[in-house]
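In case you want the letters, here they are:
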Amino acid sequence: MAEHHDNDYDVHAHVTPTKVYVGVLAVLIFFTFLTVAAYNIRLGDWNLPVAILIATLKATLVISYFMHMKYETGFNIAFFLGTVAVVGIFLLYSMSDTETRAEVSEYSAGRYDSRTGEFASGTAPGIVEAGGEEAAIDPAVLAALAAESGEELGGGEAGGEQAGGEQAGAAGGQVERIPGDAEAGAAIYQRSCIACHAANGTGNGGMTGADFVNDASRLSKSDADLLTSIRDGIIGRGAPMPPQGGNLSEEEMRDVLSYIRREFGGE
Amino acid sequence: MAHADHGPKFLQHHFDTPSQQFTAAKLGMWLFLAQEILFFSGLFVAYFIFRSWYPEAFSIGSHLLDWRMGAANTVVLLLSSFTAAMAVRSAQVGDRKATGNYLLLTMVFAAVFMVVKYFEYAHKIHVGFLPGGHFAPTEEGMRELAEAVGTSFHGEGVAYHLRSYFGIYFVMTGIHGLHVLVGIGLMFWLWLKNRRGEFSKEYFTPVDCTALYWHLVDLIWIYLFPLLYLID
Amino acid sequence: MSAQAEATAPATQDSPEGANYLTHERGLKSWLTTVDHKRIGIMYLIAVIIGFLGGGIFALLVRTELLFPGETIMEADTYNQMFTLHGAVMIFLFIIPSIPAALGNFFLPMMLGTKDVAFPRLNLASFYIFVFGAVLALVAIVVGRVDTGWTFYTPFSVREAGISNAVLWMTMAVFIMGFSSILTGVNFIATVHTMRAPGLHWRRLPLFIWGVYATAVIQVLATPVLAITVLLLFMENILGIGIFNPQLGGDPVLFQHFFWFYSHPAVYIMILPGMAVESEIIATFSRRSIFGYMFVAMSSVAIALISFLVWGHHMFTSGMSEYAAMVFSGLTFLVAIPSAVKIFNWVATLYGGSISVKSPMLYGLSFIVLFSIGGLTGLSLATLSTDIHLHDTYFVVAHFHYTMVGGTVIAFLGGLHYWWPKMTGKMYSEKLAITAWFFVFVGFNVTFISQFIMGSQGMPRRYYDYQDQYQPLHMSSSGGAYILGVGFLIMGYMFLKSLRSGEKAPPNPWGSAGFEWQSTSPPHPHNFAEEPTMNRGPYDYPLATEEELWDGFPEDFKPSKAKAEA
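Protein chains in written order, with this note's numbering: chain A, 1 to 267; chain B, 1001 to 1232; chain C, 2001 to 2566.
Simulated from the structure, these hints should not be mistaken for laboratory data. Please read all numbers here as calculations on a predicted model, not as lab measurements. We treat Cβ as the ideally placed atom computed from N, Cα and C, and that holds for glycine. Please note that a few of the clues may not be correct.
Unchecked claim - Partial selection, computed: residues in chain A whose CB lies under 10 Å from chain C:
id : residue
1  : Lys70
2  : Thr83
3  : Ala198
4  : Ser222
5  : Asp225
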């Protein structure tokens, strides 16, 4: 067997003085107070990075001193940092998907609704649309909604047959337009509307929010009416829409409405 | 190869020297911690994605938590990390009594953390702030919600996505809490071993490795606190 | 090396003369409570072979059903379970543990010149965790329908609520087996870092070690993400937390991100050990050092690192954003580079080597051809525009079978043949080995080339029924599967016959310069009679002595030069 020396029982581990530990603890508690203080200062978008920065400073202290990383071998440090890098990759690349879902490249500007199996009319990229047969929204559902809200549905046909996929765009030429910047509206939609109305404007089949694509009654209203809806919210039709008046400025509301009309109204 | 001439009792057969054994044990522990970090990382990814999708709900949800309890718990865990580090140090210098006491203190602080957590959970459950499909605020809950949102509140609306917030909240703090409980168990096991005099200046590896685990549990909370409790 | 290779193990205080790791302690209890890495490796070997048999039976059932369109031997619901179980069993109960846990456990310490792994008790625990998980998987099969495909996508996998959902049992089994994988990885990394014999610095490590080491890194970093994915699936189902459910504000594509973040690195957990074995076989049967040793070693590390960047290529058609799809596609091309580096280096090793085509080398050469086909077809799938058409067709199925079977399984079989004499102390019939290889090689190619063609013609995967135009190709694919099965039957018979009545194996039947051969066959309980010092590398044939290469070698295998001198 390999020789071992009797005085080789020492494992060569660094013993940290107590006062260092106490000092680290004090700094950590101070940083905790700092975290709460920073929270109370309105920094807008910067609150999150500041919070993470302070947390990371605390973490570095815990790792370096309490966990002795400062005195560890190179490999252990490298592996730890590599681990953090892998977590970063996981986060970064997953979010590269989830954050860019709403963006549609010019190559696939067609909006495909898997519920109806159709492209929103006028948007299919060079593909010949299947002739004739269009999926219909269940008339009974339409009737029930109409009864509930007392509003008339698009085209004034309360319970009759309605060709699905009929777009507000068809009726669009008849309503008043208030101009807005659709490009700016895209970002606003991403921030404030996408949660309920979904990236493709269908509101998850109308479940979490109005379906702009398939429910013609929505975008067939005038811009003024729609701006009122955005500002004051809607109660009484499925999931209530919260008012955005406190959230968005008048200009932002006009911009996001332009975006919605452009993306989902087929203009 | 007889046992007698291999070395001290704590030196396992396949190692040549205590130094080799210690180095291997520490390396193995850091590798295990790496996998723990990757385990929690999935939850943090889910958190950031949902926070990005539902910023208002996350903000409101955060206001529905009591940041003072969260801050107290943060300090409690920091103290427990301190006592865990002191336990290792005491073992390193061969002070058996101090080691045992610091281990006990660590367990006490961990228990305090769990008690505070219990009160937080109990309240949430009481007012119906539950994850996912179970989110159903009671009247009291609605009043809290209204206070947090700042307007009079009588519908689902933006609070719809509070169910996502609370899904994330319960899963993250719940799994973290499980790890705290496991930590308490490990500390107790160490305390027993220490009482039997198994640790010394030459051999304190289990204390060192278990403390590393405990510090990781503290680290996770250091991030959880601002991310869950302090969203603007 | 300073250690002597002796025909029989010398006596020591622990074991009598001639005792090896198989004989020095007998009885079931000595096996079940062993901490000897060699015995643990053998137990894993038996377990994964049983897993392979199970997965193989499911495969034959699937292929038999697909002989004709419509119902052939089972209903559609049963068919869904058959292909799901084929995948889940093959992946989690066979291929992921196979080379690392069976061959790695046995040979890693030996190649390092040490007595055991860093944490032998943890090693045994890993084995029991694995067995426990495997039992749970069996429970799942019995409890109910595991029919979601091995990928367990939501919402289909959570459509049934509650504990009677067999998918929950299966994913619980996967969760547990994952920890076996993680702990093995921890053990191997710690061993390679802290227990190398004197003289064995990193640049002298056998390439098998580099490969298994890189695999261990992936195991430690990727498998926990599978664990959290499964846990979240569990909570989705039992607690209804809604993280993957769009009606509750969640996202099913998020499940896919989580799942593939592990499962893509997992396929490198599968192939890297295969490549590790390949290096050993090519070196020994070319009697020279691997060309570009450092490149091959570093390419293992590079594959491990890049493997974490490309998981989105499984999700191109899932509804993921286009921008992310482009990023993942580009990165996927990157990962082909280190794999290609290895192929080029192995081929360069052959050129200028003194090649002997024994049965292990048949597998070694097959690997180069078959893995290249698998890898190159992966490029068609990495390309966004073609993947749109090929995704979820048989083209994908053929691609991953060429890499996993044509790659890993072929390498595993090659390693099994190569190291069989060392592990068991017996030789096997070379004639039977060549026959079995022939059936395996032909059967495999017939099965999966048919699938490449079918897939590119549009035949979707996991389909129970299909249009008549695909029937001839399905039939030929199934025929190939039967031929493959015959190959395995012959192989099984050959190995069993070897155990019963095989010729006694010398310490170094293949004349390899590798360190693991500097021991008896089977090895001494502590691997070497005395701790070796490594004065040369494992492929330094010019520096190896006659004794190290040929000692105790049967007469008819000795080179004529040595014979003349004898």
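Hints versus structure:
At a threshold of 10 Å, the smallest CB-CB gap from Lys70 (chain A) to chain C is about 20 Å, leaving the interface hint violated. Here the hint on Thr83 (chain A) is kept, as its CB sits about 6 Å from the closest CB of chain C, short of 10 Å. Taking 10 Å as the C-beta contact cut-off toward chain C, the hint placing Ala198 (chain A) at the interface holds, the least distance being around 8 Å. Interface restraint check: Ser222 (chain A) against chain C, minimum CB-CB distance 31 Å, threshold 10 Å, status violated.
Here the hint on Asp225 (chain A) is broken, as its CB sits about 28 Å from the closest CB of chain C, past 10 Å.
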